[in-house]
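Trainee: Residue numbers (our numbering), protein chains in the order written: chain Y, 229 to 562; chain W, 229 to 562; chain D, 229 to 562.
To be clear, the hints were calculated from the coordinates, so they are not data collected in a lab. Among the clues, some could well be false.
A pair counts as met if it fits within one copy or between any two copies, since identical chains are not told apart.
[Stated by the list, open to error] The calculated lysine-lysine pairs, modelled on DSS-like cross-linking and capped at a C-alpha distance of 27 Å, are:
#1 Lys-395 - Lys-490
#2 Lys-395 - Lys-341
#3 Lys-282 - Lys-542
#4 Lys-559 - Lys-543
#5 Lys-356 - Lys-272
#6 Lys-520 - Lys-490
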Amino acid sequence: MPISLGELATRFGCELIGNPDSVVSGVATLPNATAESLTFLASKAYKEQLSSTKAAAVVLRPGDAADSPVATLLHDDPYACYARMATVICPPPAYAPGVHASAVVDATASVSKSAHIAPHVVIGERSKVGDNVYLGPGTVVGPDCEIGDDCRFIANVTLARAVVIGKRGIFHPGVVLGADGFGNAMSAEGWIKVPQVGGVRIGDDVEIGANTTVDCGAIEDTVIEDGVRIDNLCMIAHNVHVGAHTAMAGMSGIAGSTTIGKRCMFAGMGGAVGHISICDDVIIGAKSYASKDITEPGTYLASFPAEPARDWAKKVGRFRRIEALQARVRKLEK
Amino acid sequence: MPISLGELATRFGCELIGNPDSVVSGVATLPNATAESLTFLASKAYKEQLSSTKAAAVVLRPGDAADSPVATLLHDDPYACYARMATVICPPPAYAPGVHASAVVDATASVSKSAHIAPHVVIGERSKVGDNVYLGPGTVVGPDCEIGDDCRFIANVTLARAVVIGKRGIFHPGVVLGADGFGNAMSAEGWIKVPQVGGVRIGDDVEIGANTTVDCGAIEDTVIEDGVRIDNLCMIAHNVHVGAHTAMAGMSGIAGSTTIGKRCMFAGMGGAVGHISICDDVIIGAKSYASKDITEPGTYLASFPAEPARDWAKKVGRFRRIEALQARVRKLEK
Amino acid sequence: MPISLGELATRFGCELIGNPDSVVSGVATLPNATAESLTFLASKAYKEQLSSTKAAAVVLRPGDAADSPVATLLHDDPYACYARMATVICPPPAYAPGVHASAVVDATASVSKSAHIAPHVVIGERSKVGDNVYLGPGTVVGPDCEIGDDCRFIANVTLARAVVIGKRGIFHPGVVLGADGFGNAMSAEGWIKVPQVGGVRIGDDVEIGANTTVDCGAIEDTVIEDGVRIDNLCMIAHNVHVGAHTAMAGMSGIAGSTTIGKRCMFAGMGGAVGHISICDDVIIGAKSYASKDITEPGTYLASFPAEPARDWAKKVGRFRRIEALQARVRKLEK
């Protein structure tokens with residue numbers, strides 16, 4: 229949606245250096261921006277790209293404004309400010325209300341008149357779909373689900389059963405919510421399935437990435453609080469509780485019954501074992517996993533980055549030499 | 229399904245201390261149980277919750293009975309006993325037989341009259357669907373598949389082709405069975421795809437979690453034996469053979485042509501490289517992978533749990549110091 | 229497709245030792261081959277199976293021919309040669325052109341007359357589907373996509389939006405292309421979603437495995453070059469650039485804005501952090517991840533294979549002893 233720099237500055241509380249009547253209609257990176265683009269400079273790594281940008285305007289910190297060849301919108305947090313502006317310039321697509329003829333909605337389900345139900349969607353018994361919800365093609369909503377207003381399910385998302393979601397959630401293709409958790413009791417005849425009868429409760433403003441799974445609770449609910457962001461291919465096991473505004477990068481996994489605090493961050497392939505508690509404001513590093521309760525905020529990690537195979541072989545060899553070294557020191561001491 | 233304590237005791241071989249005519253109609257955790265709930269105590273960690281429970285009855289070990297304020301069902305393995313009882317109290321949903329009008333069944337496929345085929349299901353050429361099978365919405369069964377009696381496919385499951393499944397299997401949303409394995413031969417012109425012509429054979433009583441994939445064999449079949457339990461987001465590559473009653477927690481991966489024994493367990497993010505053989509009764513720890521044949525039952529692992537970043541940095545630093553330390557010892561020895 | 233040994237030899241440049249009129253109609257492993265099967269010997273590990281094979285013919289290196297009890301097709305690279313021959317003997321299924329009655333194709337989309345559009349497919353606004361494309365059941369093609377000639381989407385694949393694909397690509401079930409990347413800016417009110425407006429560009433001859441995700445770019449496109457092979461359950465984050473003929477085994481993940489060179493290989497559960505550059509011809513080992521730029525071709529790794537739990541505990545203990553050992557050496561030095 230085209231918008232003038234003046235309006236952007238007013239609406240988002242920036243100082244504008246430049247012509248308030250200039251209009252931007254898209255976003256771009258510094259090097260590829262055109263006279264219609266808004267761009268931003270948030271990281272020093274890209275500073276050198278500023279001087280040659282051809283953007284209509286750059287969102288940046290006040291201290292960087294002098295180096296801009298074009299109009300600037302000054303903000304102390306240019307990335308967040310850019311995000312807000314870009315949401316206005318490039319809004320998510322709008323969909324006409326209505327239920328596609330190929331969708332199958334159970335007679336006991338209720339769907340808001342303002343919702344858009346795309347082709348081949350299925351909505352199960354007793355489920356409720358709120359105002360302005362978008363259920364993309366192939367999405368399956370099982371029984372006893374509730375979907376809050378303004379949620380978007382891009383396509384081929386599955387809610388198995390008993391999933392209650394707040395407002396403004398975004399769920400990407402392949403997401404599976406409310407499938408049975410891994411509950412098995414060993415017996416003489418092999419594994420016995422433990423019925424998984426809990427549900428999933430998801431707060432407002434949650435976004436979940438493609439092919440991520442959030443299992444239903446074994447007895448009580450699995451809970452994702454407000455504002456949580458989960459990337460692709462993550463796994464949230466049964467009865468996990470994820471605190472508000474926690475973010476998990478791709479391929480992270482949280483085992484059953486673990487509680488994660490607020491504002492935690494998991495780097496890619498991070499995780500936590502089951503039945504532990506992690507306090508607020510904890511960062512788990514790349515390919516690292518928490519194995520016991522964490523009670524102090526801070527960064528936790530345990531992974532070795534890849535190095536040339538020969539160097540790594542040496543590192544592994546050093547482990548062995550320690551024993552011998554110890555024996556030699558013992559001998560010297562005698 | 230409501231059931232009396234007396235009938236539970238009789239059917240599952242427990243001693244009942246309490247009124248046999250009391251009826252339970254649901255399951256609950258110790259703290260949240262009501263006068264209609266069955267609950268259980270299997271782990272000491274929850275023992276302190278026993279004294280204040282308001283359940284109708286608690287399944288527990290005989291030694292814990294004295295501390296229960298309510299009726300008890302005594303069993304040496306309370307978790308397995310609870311699982312069996314919960315299956316009766318909270319049975320999976322029942323579905324009326326029939327093929328939904330929107331489902332597309334190939335003329336050469338055969339579907340049992342007792343099967344329930346949900347909306348938007350597709351069943352391909354020559355495939356066979358057994359008695360009482362539930363094919364949930366959006367499930368695609370490709371050509372040449374056979375699905376045994378009483379299997380349930382929750383929704384949006386895909387059987388690519390040539391998948392043969394035994395009885396009573398449960399397949400959660402997003403599961404993909406029988407897709408091509410990763411078979412590529414390098415050549416001067418780049419990778420050449422190696423046709424994947426094998427199938428997948430899955431035994432009885434297998435449960436596979438959301439978004440897990442089991443590839444077809446390159447030439448012969450990939451095999452999952454009876455009673456195997458696989459959690460979400462796991463990968464079973466082509467020509468893997470998984471022995472009966474093996475269990476794999478979330479995000480585990482087994483590379484091609486590896487054979488896993490019976491009753492093995494993989495913790496979360498565990499795995500094995502390709503072309504190896506793992507004997508029966510092996511446990512692979514969290515985030516650990518087997519790199520060569522394992523011929524002795526037992527627990528195998530190799531992962532460091534996350535620790536405060538500063539401590540981990542010290543640990544990494546120690547690696548380097550070993551070399552210097554060795555030099556100093558050498559000098560002392562001279 | 230049945231074919232004579234003579235024709236195979238001629239078409240693929242092999243020397244044939246045996247009857248050129250013998251016909252093969254399938255492929256098999258050495259031990260299970262029958263008089264109608266083509267098989268191959270590429271690895272010494274299977275050499276002992278050669279003497280008892282009952283195949284019609286074996287593709288093998290000239291040096292192994294003397295040990296074959298049956299006809300041989302000689303080639304210096306028997307695996308690649310077998311792959312080419314198997315593609316002729318076991319071609320992918322052919323589909324009649326046409327759009328199934330249950331498919332929903334937007335009025336602004338264009339679909340080649342030679343394409344096969346299976347049941348319950350959805351094709352969005354302005355998208356284009358090329359000649360001989362196969363869109364399997366349940367596949368969703370969002371708006372503004374372009375699919376090149378001869379591509380195959382097996383089933384339940386999702387293209388969220390703005391995905392442009394070259395020719396002859398193969399996309400397995402559950403693949404998600406073009407979903408939003410993980411773009412979030414922290415603010416006082418929590419995470420703000422950064423609109424993801426880039427697309428995905430995929431070259432010719434790319435194959436992507438089941439349940440793998442490739443996110444759209446944040447502003448510019450995510451790029452997968454020609455001939456890339458990606459296995460199941462991998463994650464390619466926004467603005468990653470994967471060079472031609474690179475191969476990634478299952479569960480590998482590349483974080484945002486990282487550039488991977490040509491002909492790289494990632495072993496299972498491998499990966500790379502974001503915003504780095506990896507040169508051509510790099511191999512990343514199993515469960516290892518690149519954490520910074522790699523400028524030299526070669527093998528990089530950092531993972532410990534699982535070992536008996538007791539041995540691993542010793543290894544971990546050695547870390548601690550190093551400090552004590554150092555103190556003792558210091559004392560000896562004084």
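Trainee: For each hint given before, does the structure comply? Return the numbers of the non-compliant ones in rising order.
Mentor: Those not satisfied are hints 3 and 5.
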